[in-house]
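Enquirer: Here the protein sequences come in this chain order: A and B. The first sequence maps to residues 1 to 303 in the working numbering. The second sequence maps to residues 1 to 582 in the working numbering.
Treat the hints with care, as some may be off.
[Unchecked claim] Below, a list of computed lysine to aspartate or glutamate pairs in the DMTMM-like style, where the Cα atoms sit at most 25 Å apart:
no. : chain 1 : residue 1 : chain 2 : residue 2
1   : B       : K384      : B       : E452
2   : B       : K108      : B       : E318
3   : B       : K108      : B       : E125
4   : B       : K345      : A       : E53
5   : B       : K378      : A       : D45
6   : B       : K378      : A       : E53
7   : B       : K396      : B       : E362
8   : B       : K582      : B       : D258
9   : B       : K215      : B       : D264
In short, the hints are calculated from the structure, not lab data.
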Amino acid sequence: MTETLTLPATRRRRPRRRVNRPLWIGLTLIGSILMLGVLGRLFWDTGMAFPAEAPPNLPPAGLTNTRGVTGTLAHPLGTENSGRDMLAVLIVGAPNTLLMAIVAGSVSTLIGVVLGFVAGFSRNRADPVIRLVSDVAYTIPPLVILIVVQSAVGEVGLYTMALLIAAFDWPRPTRQIRAQVLSMRESGYVRTAVMAGASPAEIMFREMLPNLLPFIAASFILAVSGAVLAAIGLEVLGLGPTRIPTLGTTISSAIDSAAIFRGMWWWWGLPTLVLVVLFGGLLLINIGLDAIANPRVRKEAGQ
Amino acid sequence: MGTHGILSTTILGAALALGMATATVGQEVPRDETLIIDHAQSPQNAFENWNYLLPGAVLRAVGLHQFVMEPLFILNLEQGEIEPWIGESMTPNETLDRWTLKIRDGVKWQDGEAFDAEDVVFTIETMLANAPALRDSGSLALALDHVEKIDNLTVDFVLKRPNPRFQLDFFSVRVWGAVMFVPEHIYRDKDPLTFTNYDIPAGLPLGTGPYKLVKATASEFTYDRVDSWWAADVGLAEMPAPKRIIYMLVGTEQARGDLAVRDDIDVAWNMSLGTFEAVQARNPNWISWQNDPPGPWLDPCHRGFDLNFAVPPWDDPEMRLALDKGIDRTEVNTFAFDGIGEVSKTIFPAYPTFKGLIEKIEAAGLAFPATADPEGAKAILEAKGYVLNGSGIYEKDGAELTLVIEARDQTLDDIRLSEVLIEQFRRIGINARLQRVNNATLQTHHFTGEYEAIVRSSSCGSVNEPWYTLNQFSNVEAAPVGETADTNMPRWTGPNSDRFTQIVTELGSLPLGDPRVEELTLEAYELWFNDRVSIPVVQAVFLLGFNETYWTNWPTAENNYMQPAYWWHGWVKALAQIQPAK
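Pulled out of the complex, with its shape left as it was, chain A reads as follows (with noise of 0.2 Å):
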């Protein structure tokens, strides 16, 4: 008991603030992406991501495939059916679907933030035109609609297809904004700018986005998380980019050419694999701002 009352000063601990451990396995995962995408350019030739630009169906190197052809080094993760070379598709693929989801989910936060805003703030008309619009819209299958447009459009590039994914993803966002502000608006020092004379812009962008900044950026990534698995569901079913690779392009072929049924796990597993870590990493990081945005959760983390 003593000892414990005697400890030297510098011995004791100024209380810190523990690492956000999920956000930054997180990030380092989603960064770990766009890094394969931005280092991959300059040491790999991207060119090979196409058909005709390797030897077709080599395994990954060192390994043998059905015919007793052995891998090498010039195309280390192998080869697919019409020669592309699996290294260039994912360095080119995977920050394409990524990019992809990026865009997506920036279109449908942004217009769910403006949408949410004016519908919960100004309790003017505009809010049960937009609730009556986002609630009817929410109940819409996007997948089908997609597939529908995406027919009828037929060739679609990687902006077309987040703009598309983004019309149909923002009434969430919409929705939560809006009640995230209708119950914000009621708190103590929203009532304080509104009676020291604040305009609505001024309690809006001063007073109530900054608060509501971590919940949007977890609004974003659960937008960016649906993006992908919007795109991919479309990519698999042969609805995507037709000759820029994506993850989901690169499965579809896989899958067009029987790839799992010829043993060529190469092919459609890689992919999958960076697949699963965008959504792991996004998944992380969405846990690691739920932290930051909701006291209980930080309570309980214990920060």
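Based on these hints, arrange chain B on the given structure of chain A.
Expert: Just chain B now, with coordinates in the frame of chain A:
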């Protein structure tokens, strides 16, 4: 019983009724008496229309024209002979402008009515009266003036001009199909443009073959063997052994491989070499046309594309030449056909019958090159005023040089071919892209000319003489874009096209084997080649699979009693030779 109870009972009852209806399609047939055929097509949404007179009626090839309807004659590509089937003989007069058809005595429709001159005359007159709206009627109307019934089993065809190939071209299944005759007693009071010919309880579609349609869905067609078949009665063929034939639209190659390994199909559509080897490794009962090592059957058609003259800048032959110079056919063969195809040198199939002609075409410098000439292609584009932009694509007046290639979404070969071509075109600065469409849409676009480039070569037809394929590009039946054309799908017009048509018309009137045939062919071919009217790339290969678990005696290169093209009209002749394994 509460509302919920009533509701669930009703649903259960409905479900049971539905289940029973599905289950009671004929009697149960054991697996070893059933032949299951895989057919690579998109789901058939119009599966309730079996009026095979209509153009683009793709339902023909899902069993109907193989096993229900029968041709007059069958050209056996392996034996090189036209073999009589429901027709007994067809002979021309000396001037080749009147052909006399003798129908085989004893041929019967499945309802017992005799197949006779009435049916032939009625079908031909219906086609002539509705030309060119009905399938093949446009080209038939160009060739044929009228038909005359001589007696119950004899019909005379009076032609507009001499035609030594009349029997071969219209009635002998030269490639894929021939004119199919309708039962006059069924069709006589129907509108041939709107009649669906689909009423299973009433026996429609009605044919003369040994099988009847008993069930149709968008993805599966079931046929049961009839009790008696005229061909068995007259001793022409054995009654086929399978009691039931199921045509299954399998879809992906993965599904095809899985079904093949599990013996769930007996005949498999074209597979890539890797998949076929994987199937054989797990189920050694699978064989192909060539075995040890597995090898393909060479279809007479080429895989390549038609490029529409009606879509600028492809109305300019030099632009077409530039595009052709961008193609590396050897590379396409390696990457899209696993190296087992035959690179196209001409539009004629690399069959022994064309060996001499192909050599002469090569000697005249009119053969398609095996490799690309990207510099030559770029030089042409630059001479046309195109300038490379920062993305490596040629531009003119601020617009990129683009090309949209349509290909069938369910046909892996076509997709792989298009993907490699697109890379090759991009290497010469053309922003090419693929548009996947279903088979029916693709056919419609090809017939109506509503496409830019389409992977469905019209350079298909000749197997033993050159006229037929050349005639595919004759502009006699020129149709504007939006209207259905039977020939000249690339919409080739202009003085070269006119001269070509003139030569081909003359060629068409020469008897087979006439010494002028070769000279005129080379003259026409030069015009065709210089304008790159259609662009063949690789002669189609089919690595087909036949399963010997339940059925044997499949046609193979060693046992080549008939071509293995099980999707062709008249394949019932091969079916009659297939035997149960046990």
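Enquirer: Take a quick look at whether K378 (chain B) and D45 (chain A) sit within 25 Å of each other, Cα to Cα.
Expert: 24 Å, holds
Enquirer: Are the Cα atoms of K108 (chain B) and E318 (chain B) separated by 25 Å or less?
Expert: Violated - the C-alpha atoms of E318 (chain B) and K108 (chain B) are around 56 Å apart, more than 25 Å.
Enquirer: Verify the proposed pairing of K108 (chain B) with E125 (chain B), using a straight-line Cα cut of 25 Å.
Expert: 21 Å, holds
Enquirer: For a C-alpha distance cap of 25 Å, please report whether K396 (chain B) and E362 (chain B) respect it.
Expert: Violated, because 35 Å separates the two Cα atoms, which is more than 25 Å.
Enquirer: Decide if the proposed pair is consistent with the structure: K378 (chain B) and E53 (chain A), CA atoms, cutoff 25 Å inclusive.
Expert: Judged against 25 Å, a Cα distance of about 20 Å means the pair holds.
Enquirer: Holds or violated: K582 (chain B) with D258 (chain B), Cα cutoff 25 Å?
Expert: Given pair K582 (chain B), D258 (chain B) holds - Cα atoms ~23 Å apart, limit 25 Å.
Enquirer: Measure nothing beyond the straight line between the CA atoms of K215 (chain B) and D264 (chain B); if it is 25 Å or shorter, mark the hint as holding.
Expert: 19 Å, holds
Enquirer: Can the restraint linking K345 (chain B) and E53 (chain A) be considered satisfied, given a maximum Cα separation of 25 Å?
Expert: Given pair K345 (chain B), E53 (chain A) holds - Cα atoms ~24 Å apart, limit 25 Å.
Enquirer: Is the Cα-Cα distance between K384 (chain B) and E452 (chain B) 25 Å or less?
Expert: 20 Å, holds
In summary, the structure is inconsistent with hints 2, 7 from the numbered list given earlier, while agreeing with the others.
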